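Student: Read off the chains here:
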Amino acid sequence: MAFFEQHIHDAPKTFLSKYIFTMDHKVIGKQFLWMGIFFLGIGGMMALMIRWTLAFPGQAFPILGPFLFPETGGIVPPDTYAMLFTMHGTIMIFYAITPILIGAFGNFLIPLQIGARDMVFPLMNMASFWISFFSGVVLMVGLFTPLGAAASGWTSYPTLSTLIGDPGNGQTLWTLAIFMLGVGSTLGAINYITTIITLRAPGMGYFDMPLTIWGIFMTAILNAVFLPVLGAGCLLLLFDRLFGTTFFLAGAIATNGTGDPVLFQHVFWIFGHPEVYILILPAWGIVSDLLAWFSRKPAFGAKTTALCMITITILSTLVYGHHMFTTQMSPLLTQTFMTLTMTISIPSAIFFTNWLGTLWRGSIRFDSPMLFAMGVVFVFGLGGLTGLYLGTVTTDIYLHDTYFVVGHFHYTMAASVLLGGFGAVYFWMPKMFGVMMNECLAKWHFWLSFIGLNGIFMGMMVLGYAGMHRRLYNPFVYEFMKGMVPLNTFVTWSAILMGAAQVIFVYNFIHALIKGKKVEDPNPWNIGTLEWTIPCPAPHYNFKEIPVVKCGPHEMGNPNLPEGKDFQYQTEKLVKV
Amino acid sequence: MMTQKVGKIESGEQVVNSIAMLVTIISFSMLFATLFLSFFLYRLSATQWPPMNLDRIDHLFPAISSILIISSSWFYEVFKKNLDRSPNNARYSFLLCLGLGLAFIISQFLFWNDLKEVGIFASSGIYGSLVYSFTWIHVGHMAMGIFTLLYLLPSVMREDFKKRIRIVNIGKFWHFLAVVWLMMYLLLFVI
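These protein sequences, in sequence, are chains D and X.
Position 382 (the first sequence) corresponds to 382 in our numbering; numbering is contiguous.
Position 141 (the second sequence) corresponds to 141 in our numbering; numbering is contiguous.
Next up, chain D with everything else stripped away, as it sits in the complex:
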């Protein structure tokens, strides 16, 4: 299985080669983690500004407001509001979730969990991080241009995103940034796919990989195939903005020779629907593993879960039309897309049942990673079920572009991925940094976040069902939405609660890094996968000797195990009677 000899390289000595231009997958993973947490903070602050505006229209945003918007006395101005929701979406999806789940944990876990010394192409790995980093810089520069940042929504539909709708440089920079990020992520994806195929430790078949790796593997495949689609769309949009081409200008094609704005929607969602699975698949994988590990029993139907992930990956490429039911699509097509969308619920339901089957009669340990994993089971179930109403044409026509959509995709993409990501941080903290985080604070963080996010997104769904549109600066100027102020205020207070809970996390994280107690035990959670066979934190060469894998990743609670031991390492032969 190993295709070539992996040599142990000398540890890098200078600061630059160790921390900045590093080719070590673990350090690159940490770089991605820092970048993701930084952008998570910025995106979260933007979310709070959006929520504040919706709950208390015409009131100054506390503390930061007077500094950011001095000309209005601290009130978020309408044009800034559009920039805020655009940048919030873009930052959270492309610069927070992608770096944390795919960049950080993808990089950190793939070699450790498959028993390799590094990625196949370390240089490409470094390039992937730095391209992503600079694309983040390009995006943020947009905020400081004269007309402000991009303001056409994270989907950047033309004509809003053409020069007519958004004449400033912010949108151009946004498009460039997304293109650059696409290049960076594609480089990463090529690396991940090749590494997983070729560097698995001897004896490790595909189904012996932890489900985390399965999730990241599927994500990498979707990334490699579909990010270039968005890249092409971004290039055309850039040409429209810079060189006066007319791809996305509205008008009849034959008579005056202009383009078709709906084309961008097609291109965007051909990429965009796989993108939501790109974000959620690593979280699914992590959660499937965590549930099994903390229930102290093998993952129920692990092979089926992996196969369901493959099925969903394939199906996710065929359903993008359900984002476009209201674009005068032919009814025949809408029904086709609706049926295909409904088909996704079959594999989803299977592996959701597998999650529950894993929990069933397990000796569950309620450590913080497990709490987060179980939180994902709840919020993802809710988010997935509400998706059915949006995938059905008849209900979608009513719910389209309301807060119901916002609530739905935040449940699936934000809540699930965030909780999964936090669970992963708490869980792999000893392996990444050699310290444990405070368990009590972690539990507070979990419960406050969990209550907060359910308040936010459940409230959003109720609002949307009542007909509140998304992306409105002040919805309460409309007669029928006047009664929604109290519920909006509730959602905003929930958001503030959730924001406050993240302060606990940041404190806990920083405190653990600076003053945390060093973990002596290489395996504090008693888990059998390969990364727990090596010391904490992982040495730069990972494995002194490349391990030989003899059993699956969740061999726990085996009654044949000797007394006092409820798990076995993947390097040990499966214990039989």
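Hints are computed from structural coordinates only; laboratory data are not their basis.
Each hint should be verified, as a subset may be incorrect.
[Claimed, not checked] Estimated spans, in silico, between C-beta atoms of each pair:
#, chain 1, residue 1, chain 2, residue 2, range
1, X, Ile-25, D, Phe-21, 50 to 60 Å
2, D, Ser-330, X, Gly-99, 44 to 54 Å
3, X, Gly-99, D, Phe-21, 28 to 38 Å
4, X, Lys-162, D, Leu-388, 56 to 66 Å
5, X, Phe-147, D, Thr-395, 46 to 56 Å
6, D, Leu-333, X, Ala-63, 47 to 57 Å
7, X, Gly-99, D, Tyr-206, 40 to 50 Å
8, X, Ala-143, D, Thr-339, 51 to 61 Å
9, D, Tyr-541, X, Ala-143, 30 to 40 Å
10, D, Val-577, X, Lys-162, 23 to 33 Å
11, X, Gly-99, D, Ile-397, 41 to 51 Å
12, D, Asn-558, X, Arg-158, 58 to 68 Å
13, X, Ile-25, D, Thr-339, 27 to 37 Å
14, D, Gly-41, X, Lys-163, 42 to 52 Å
The model shown is predicted, which means the values in this text are computed figures rather than measured ones.
Glycine included, each C-beta is placed from N, C-alpha and C at the ideal position.
With chain D held as given, fit chain X onto it using these hints.
Tutor: Then chain X, alone, in the frame of chain D:
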């Protein structure tokens, strides 16, 4: 053919690089496939093509470009065949391949000048947009291809062909660009 030439020690590394190259080519294909999708969308929804009563574009430069890029690809194959047989011939065919690639880029610039003289600009409607953008993006990739060839150049001049995997993979990318150009030629200028 190549697998026989490459020794056993290298073959593992070759598999790794082939997988990575395959994924890379798939990524690039999706980029161009999206462009072709947009072409078909405009082409099929237009009642008349080219739109706005424009005349068809003169074939001369695109046809020359096609010949140049095909022969460049062909010389790359000649280069690969001669690696062991006659290193000197290999070197010459590599240089020919590189020269023809550069000539292709020049022919594209001439083609754009030609278009401008007829009065078709990137900003003059969807037809101009399609022709310019597609050729720009392709030439951008051709420039990348040229860089990879230049990267190979020093070792070729030394007649040092030990990095077989690199030669094979750069060849794959180079041929891919030729195929993309031929598809563009068919779509934009022939049908």
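Student: Each of the hints needs a verdict: does it hold here or not?
Tutor: Here is how each hint holds up against the structure:
no.: 1; hint: X:Ile-25 with D:Phe-21: 50 to 60 Å; result: 28 Å, violated
no.: 2; hint: D:Ser-330 with X:Gly-99: 44 to 54 Å; result: 51 Å, holds
no.: 3; hint: X:Gly-99 with D:Phe-21: 28 to 38 Å; result: 36 Å, holds
no.: 4; hint: X:Lys-162 with D:Leu-388: 56 to 66 Å; result: 58 Å, holds
no.: 5; hint: X:Phe-147 with D:Thr-395: 46 to 56 Å; result: 52 Å, holds
no.: 6; hint: D:Leu-333 with X:Ala-63: 47 to 57 Å; result: 39 Å, violated
no.: 7; hint: X:Gly-99 with D:Tyr-206: 40 to 50 Å; result: 46 Å, holds
no.: 8; hint: X:Ala-143 with D:Thr-339: 51 to 61 Å; result: 45 Å, violated
no.: 9; hint: D:Tyr-541 with X:Ala-143: 30 to 40 Å; result: 38 Å, holds
no.: 10; hint: D:Val-577 with X:Lys-162: 23 to 33 Å; result: 55 Å, violated
no.: 11; hint: X:Gly-99 with D:Ile-397: 41 to 51 Å; result: 59 Å, violated
no.: 12; hint: D:Asn-558 with X:Arg-158: 58 to 68 Å; result: 60 Å, holds
no.: 13; hint: X:Ile-25 with D:Thr-339: 27 to 37 Å; result: 33 Å, holds
no.: 14; hint: D:Gly-41 with X:Lys-163: 42 to 52 Å; result: 45 Å, holds
Checked against the numbered hints listed earlier, the structure breaks hints 1, 6, 8, 10 and 11; every other hint is satisfied.
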